[in-house]
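Colleague: Given next are the chains, with one letter for each unit.
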Amino acid sequence: MALPVLPPIPPVCARARGCFGRARVSYLCALGFAAGWALTPPGLTAAEVEEPWREIALHRFKEARVAFVETAPGSRESMLGEAVALLNLQPRTEQNIRQAAVQLEAVAAADGRDDLGLTARYVRARIDQLHLAQSQPDQAVEQYRALLRDAPARHPLAAQAAVKLALLTLYHPTDPRRPAERLAELEQMTETVAQGAARRDLHLLLGRGYLFFDLEPARALFHLEAAWAARVVNRANRADTLLAIAQLSGKHGDPARTMEAYTQFLTENPHDDRAYGVRRWLAGERPEDQP
Amino acid sequence: MTRRILNGLAAVLLASVLVYVVARVPWRQSTRPARAGEAAPVMIRYAHDNIHESVRIALAKIKKDYERLHPGVIVEINEVPARVWNQWMRSQLVGGLAPDLMKAAISLSDADLALYFEPLTAAMAEPNPYNRGTPLEHVSWRDTFIDGLSNTQSFPPGLMEVYRVPFYGSTDRVFYNRALFKAATGREEPPATFDEFIATCAALRDYAEKQRLELVPIASATNADSAIPLFNRIFQQQTQRLARQVGTLKNLKMDQREAAIAYFRGQWRIDQSPAREALDLMREIGRNFQPAFLQARREDVTFLFSQQRAAMIVSGSWDASYFLNQLTFPVGVFSIPLPTPDHPLYGAGVLGAIAEGDESGTGAFGLVRGSPHREQTLDFLRYITSVKVNEEYAATIQRVPAVLQAGIAPEIAAFAPNLSGWRGGFSPDFSEFGGKWVRRAFLVHLHDLLAEHGSVDTFLANYTDAFDRALRQDAQFHLTNARRTAQRSDSVIVALAQLGLAGDADAAARGDRMMEAQNLQEAGAAQLAWVLATEGQDGR
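Here the protein sequences come in this chain order: W and A.
Counting in this note's numbering, the first sequence tops out at residue 291, every number present.
Counting in this note's numbering, the second sequence tops out at residue 540, every number present.
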């Protein structure tokens with residue numbers, strides 16, 4: 001039996017937004033989505049659902065949007081996917097960004113704690129932080145805080161709310177608190193982040209934050225070591241982290257760790273243009289306290 | 001009569017068609033669809049814009065050897081003039097007509113690379129089978145390249161995948177006329193120290209004056225192949241110690257963002273040491289350039305050197321094939337010996353010669369997405385970047401091999417990258433920010449530095465404020481770009497995360513790499529924005 005296909009919700013939401021305000025629009029969209037979800041044709045294979053996401057991974061935003069709308073019209077995944085595609089659809093317009101925001105709110109309004117809802121909430125916060133012509137950092141902060149309260153450790157994007165929150169807090173231009181106070185507050189957050197990648201990134205950010213503000217090198221070392229233990233994945237970041245650990249360890253009376261980190265750096269990056277200095281330093285030619 | 005002529009013409013036309021058809025038979029046999037039970041021939045199309053005789057010879061040999069090694073595979077080489085390469089490349093990519101393997105020009109954006117080219121990271125993790133029997137037999141393909149493909153062209157930070165594979169390397173060098181050196185200084189060997197180099201320039205000027213020759217010591221253009229890299233190199237060496245002292249990441253290097261942050265924090269000034277010494281050096285070397293060098297293009301200075309009206313030319317390995325083979329006089333090659341740490345005037349900020357490992361990969365190619373013969377093309381890419389083949393290829397085209405263990409032909413040994421040197425500090429033109437405001441300001445004021453009646457003081461009197469303004473513009477440009485990069489990567493990261501949640505481990509891993517990179521890039525941008533907002537007035 002041919003199931004009726006719902007008309008596209010997003011334009012309706014976008015038009016309605018001006019009349020009813022965000023809350024009502026979200027409500028209406030949630031209703032619309034719920035109806036759409038109920039009417040979505042069953043039996044889509046995993047590959048069919050995944051294909052539009054693969055289009056986005058290839059930067060094929062236009063094709064992805066069409067695919068999402070056609071594959072499972074009106075479904076939550078379709079709304080989420082279309083919103084994510086809209087963020088980079090060319091030409092990039094403020095209207096598209098706002099339409100994406102409305103769709104994301106609708107997805108989250110239906111269930112903000114399942115995988116789709118958590119992703120929608122993360123992307124919605126990113127819109128306020130990064131995608132609008134005029135960023136709304138304070139609104140993004142509130143959304144990240146709420147997301148952190150609800151996020152299970154297994155969701156990779158929801159966990160990243162901690163890292164984005166740290167960025168906004170640490171470098172907020174009008175926050176009256178001194179950097180040391182902000183860092184102290186953020187350090188408490190590391191205990192609550194269980195997801196490995198987010199924990200790693202948070203430690204990297206804090207370590208580099210201490211170095212940037214020239215505060216407590218020992219704390220910088222602690223965070224960089226914690227990040228290293230959580231497994232830094234990119235080759236360039238691994239090299240930078242190892243060299244910073246080596247130098248900071250040397251200044252804090254741990255020559256064994258310095259040697260170990262420099263040796264690890266050479267093992268991973270034998271042809272890096274910093275390797276020559278490190279090799280000479282390890283060979284005992286140390287004109288300075290660093291290679 | 002007329003009918004007879006027409007019949008004759010028709011017969012000639014028929015005969016021509018017959019001859020044409022007969023002549024086409026061998027070609028059609030190589031490209032026709034396979035019959036049942038017969039393997040279809042595979043044609044790999046390879047396109048480039050490096051149209052030189054030596055490249056043509058090298059590629060013809062590679063094609064012949066590869067086809068012999070793989071019966072049933074045909075390598076078709078398409079040559080496209082460099083002047084139209086970008087337009088041609090783009091039209092082929094957009095039209096879905098692109099060859100299997102093509103030069104991935106640096107004009108391609110991250111989005112272009114992701115859309116039109118295959119990521120090669122996974123394939124790069126495995127050893128290159130064509131390296132069997134060499135010391136690189138068990139080394140991952142990626143680690144067989146001199147720089148491990150860590151440069152931003154091969155491994156764009158916004159994509160976190162390997163997209164471009166270099167076939168040869170490039171190094172900056174000076175070519176010199178050995179006969180003129182001998183006549184002016186009594187020796188053909190290049191100078192070994194900076195002071196010897198300056199003395200050689202003085203001897204060449206004296207020689208020209210006494211012999212009444214139209215001869216300048218050095219020919220140089222202002223473009224990216226000539227004076228700009230030389231000046232950058234001078235500055236990078238003078239700032240080696242400074243970069244280690246003020247770099248906040250403690251990673252023994254200083255990228256342009258960190259250098260800008262240090263400037264806005266007042267940790268270095270363009271009119272104070274060590275920048276001041278770098279400018280002194282630029283003037284000392286630049287005073288030996290030909291008059292009106294600011295207007296000179298690459299062709300102009302090539303002509304000047306070829307006509308023996310310049311004893312040296314600032315260039316690099318990309319010109320080796322021409323200068324070493326086409327000129328009527330003997331040519332030598334050297335790297336300008338910059339001051340060492342023990343130099344009384346210019347040694348204070350220096351650690352030593354600058355390492356060149358990160359300059360090793362150029363002429364990079366990409367595997368086009370949707371290639372009908374992906375695996376075969378990937379195999380061909382492995383073949384051409386294997387130790388033996390890359391060595392032969394580089395030797396034939398007189399370039400530096402891109403692969404470790406590949407020997408360098410004796411005649412181009414002087415172009416071998418220095419892998420036993422120190423990391424440079426930072427360059428003063430901030431062109432990596434993309435706006436090029438500082439570079440333009442520098443070129444506008446450069447005559448104050450290099451003109452006969454100019455001086456470092458005159459230059460600084462006019463340039464210091466201009467530099468400050470231009471660097472702020474470049475920094476803002478960079479922040480805008482960083483924001484756009486983060487916006488673009490957001491959609492991709494979310495898509496990869498969704499695929500990861502659905503069980504695709506590879507997508508999850510790539511998303512993780514991209515997220516880590518994005519977070520650190522956003523942190524770096526936030527730090528630059530911070531100093532612009534809070535400490536930006538202290539730079540001068």
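If you're looking for bench data, these hints aren't it; they were derived computationally from the structure.
Computed from a predicted structure; not experimentally measured.
From the three backbone atoms N, C-alpha and C, an ideal C-beta is built for every residue, glycine too.
Misleading hints may appear alongside valid ones.
Here are the in silico distance ranges between beta carbons for each label pair [unchecked claim]:
hint, chain 1, residue 1, chain 2, residue 2, range
1, A, Glu137, W, Ala256, 31 to 37 angstroms
2, A, Glu209, W, Gly284, 48 to 54 angstroms
3, A, Gly503, W, Arg177, 40 to 46 angstroms
Colleague: Decide, hint by hint, whether the structure agrees.
Modeller: Comparing the hints with the structure gives:
no. : hint                                    : in the structure
1   : A:Glu137 / W:Ala256: 31 to 37 angstroms : holds, 34 angstroms
2   : A:Glu209 / W:Gly284: 48 to 54 angstroms : holds, 51 angstroms
3   : A:Gly503 / W:Arg177: 40 to 46 angstroms : holds, 43 angstroms
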